[in-house]
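Number of protein chains: 2
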Amino acid sequence: MFALGSARELENLRVVLVEPRNPLNIGAVARAMSNFGFSRLRLVSPYELAFREARSAVGASALMRAAEVFRSIPEAVKDCAVVVGTTAVRHRQLHHPLHQLKAASPMLLGELAQAPVALLFGSEKFGLSTEDLSYCHWLLRIPTRDEHISMNLGQAVAICLYELIRGRKGTKRLGVEKSSATMEEIDRLTEVFTGLLHASGYIKQRTVASSEEKVRRLIRRMKLNGRDAELMLGMLRKVEWKLRSRSEP
Amino acid sequence: MFALGSARELENLRVVLVEPRNPLNIGAVARAMSNFGFSRLRLVSPYELAFREARSAVGASALMRAAEVFRSIPEAVKDCAVVVGTTAVRHRQLHHPLHQLKAASPMLLGELAQAPVALLFGSEKFGLSTEDLSYCHWLLRIPTRDEHISMNLGQAVAICLYELIRGRKGTKRLGVEKSSATMEEIDRLTEVFTGLLHASGYIKQRTVASSEEKVRRLIRRMKLNGRDAELMLGMLRKVEWKLRSRSEP
Numbered sequence: 001m002f003a004l005g006s007a008r009e010l011e012n013l014r015v016v017l018v019e020p021r022n023p024l025n026i027g028a029v030a031r032a033m034s035n036f037g038f039s040r041l042r043l044v045s046p047y048e049l050a051f052r053e054a055r056s057a058v059g060a061s062a063l064m065r066a067a068e069v070f071r072s073i074p075e076a077v078k079d080c081a082v083v084v085g086t087t088a089v090r091h092r093q094l095h096h097p098l099h100q101l102k103a104a105s106p107m108l109l110g111e112l113a114q115a116p117v118a119l120l121f122g123s124e125k126f127g128l129s130t131e132d133l134s135y136c137h138w139l140l141r142i143p144t145r146d147e148h149i150s151m152n153l154g155q156a157v158a159i160c161l162y163e164l165i166r167g168r169k170g171t172k173r174l175g176v177e178k179s180s181a182t183m184e185e186i187d188r189l190t191e192v193f194t195g196l197l198h199a200s201g202y203i204k205q206r207t208v209a210s211s212e213e214k215v216r217r218l219i220r221r222m223k224l225n226g227r228d229a230e231l232m233l234g235m236l237r238k239v240e241w242k243l244r245s246r247s248e249p
Numbered sequence: 001m002f003a004l005g006s007a008r009e010l011e012n013l014r015v016v017l018v019e020p021r022n023p024l025n026i027g028a029v030a031r032a033m034s035n036f037g038f039s040r041l042r043l044v045s046p047y048e049l050a051f052r053e054a055r056s057a058v059g060a061s062a063l064m065r066a067a068e069v070f071r072s073i074p075e076a077v078k079d080c081a082v083v084v085g086t087t088a089v090r091h092r093q094l095h096h097p098l099h100q101l102k103a104a105s106p107m108l109l110g111e112l113a114q115a116p117v118a119l120l121f122g123s124e125k126f127g128l129s130t131e132d133l134s135y136c137h138w139l140l141r142i143p144t145r146d147e148h149i150s151m152n153l154g155q156a157v158a159i160c161l162y163e164l165i166r167g168r169k170g171t172k173r174l175g176v177e178k179s180s181a182t183m184e185e186i187d188r189l190t191e192v193f194t195g196l197l198h199a200s201g202y203i204k205q206r207t208v209a210s211s212e213e214k215v216r217r218l219i220r221r222m223k224l225n226g227r228d229a230e231l232m233l234g235m236l237r238k239v240e241w242k243l244r245s246r247s248e249p
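Protein chains in written order, with my numbering: chain X, 1 to 249; chain Z, 1 to 249.
Worth flagging that the hints you see were computed from the coordinates, not collected in a lab.
Watch out, some of these pointers could steer you wrong.
Claimed, not checked - To be clear about the criterion: a stretch of chain Z counts as covered by chain X if any three or more of its residues have a C-beta under 8 Å from a C-beta of chain X, and this derived list gives those stretches:
(1) 72-80
(2) 130-144
(3) 207-217
(4) 220-229
Said to hold, decoys possible - If the Cβ cut is set under 8 Å, some of the chain X residues that face chain Z in the computed set are:
(5) Ala28
(6) Arg71
(7) His95
(8) His99
(9) Ala103
(10) Met151
(11) Gly154
(12) Gln155
(13) Ile165
(14) Lys214
Note that the structure is predicted; figures quoted are calculated from it, not measured.
Every residue, glycine too, gets a C-beta built ideally from N, C-alpha and C.
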């Protein structure tokens, strides 16, 4: 008998589809989740009509009907300790650690044993953008051929979930760590930090977007626990206040 | 860099869809095959319209256009040494060895290193029938939840192919065996054997279908090599001739 493991670990995974456009794909994702025992589906800015169709399709599951919709990635991953992006690309200059699915799976399982984890999938046409990726701690890819790297969304999700289930037996907890900061804490920190860099003139108008992404990645690489995030937030706030009050006469 | 291994091993796999009905699924199967480097797609009695649509779809791949159509499973697997069926069912009384995909993969890879192998997938609605399964040497299943075992066809194929690719590194050839009998030889043998059993009165009119399936499975379990199949065929033919000539006055 195959053991799918504790409900908690399965529940800790949030499958997050960013701007999905095809109702059939959304339905296929929900079906694969149900096949393998996952239940938390989230959509970021789905193509409105696609979502409505997927939700109202004959035989749409409770899982599909319970899917949550968000307007941005930060909102969708707010309660997660780790955000992992999926990408087909391997040669593009990446600012993130990139792992093959096979190697990524035990890492994900280790995280899932401790806290909620978001697994992000990009739109059918474009995948995850550089901005989307800047919200991620690390990336994984399914080992497709160089000549045909881009997978169907429903199939990509199914394979990732299968790999998680496949690897669950024999997984060990990665020791007890201080509990990671939530993405909400990390976002607040990023915001304050970014504001600080704006105020300081570090971030120049011409390169705002890329600089802000750089900050986001930096903070995520720190892997702060909740207490440290809080601590750092207090410090940065103080610095920012000082900086702003000095620049005003 | 991920090594997909020798072209020959990839080419030895025939993905066989039995009575597929949905052109989108057929297209999704072709896409996953291309993603993972497989090329030989075969269809048994596809729903005519579905196949035409899948083949003529915008962006249909060379792989899809090269798909071969057969009227029966024996015709579709004629050149294969091993036929493996996929099933979601685990509690139904099975007459075959059944392996989890994870365990099945190294077995498949061992076979693929030596000879063509057919991997059968049933129709979206019904899966493989008992008769379909009687053409198989053994079965594999993807470990889905008891509460929702049935997978989407495109996703099931994608997961099986991924598992093959995933496991290819570190696979060893299973020693050099005498080359297995082809399915054409096995079919001829089955036919003669069945004829013999009819002629002998072993097979009763009331249970023809199930008896014939039983014979098919029996012969496949023997795992004959080519020379032995030929030998046995000669023997059975002789017996049958004798039997028939005695029963006629």
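Hints, one by one, checked against the model:
1. 72-80: violated (count 0)
2. 130-144: holds (count 3)
3. 207-217: Our answer is that it is violated, as 0 residues pass the Cβ test (under 8 Å) against chain X, missing three.
4. 220-229: Since 0 is below three, the answer is violated.
5. Ala28: holds (5 Å)
6. Arg71: Since chain Z brings no Cβ nearer than about 29 Å to Arg71/X, farther than 8 Å, the hint is violated.
7. His95: The hint is violated - His95/X has no Cβ within 8 Å of chain Z, the shortest such distance being about 21 Å.
8. His99: violated (12 Å)
9. Ala103: Hint on Ala103/X: violated, closest Cβ of chain Z at ~11 Å, above 8 Å.
10. Met151: Nearest chain Z Cβ about 5 Å off; hint holds.
11. Gly154: Given a least distance of 6 Å, the restraint on Gly154/X holds.
12. Gln155: Status holds, d = 4 Å.
13. Ile165: holds (6 Å)
14. Lys214: violated (29 Å)
Hints 1, 3, 4, 6, 7, 8, 9, 14, counting from the list given before, are not met by this structure.
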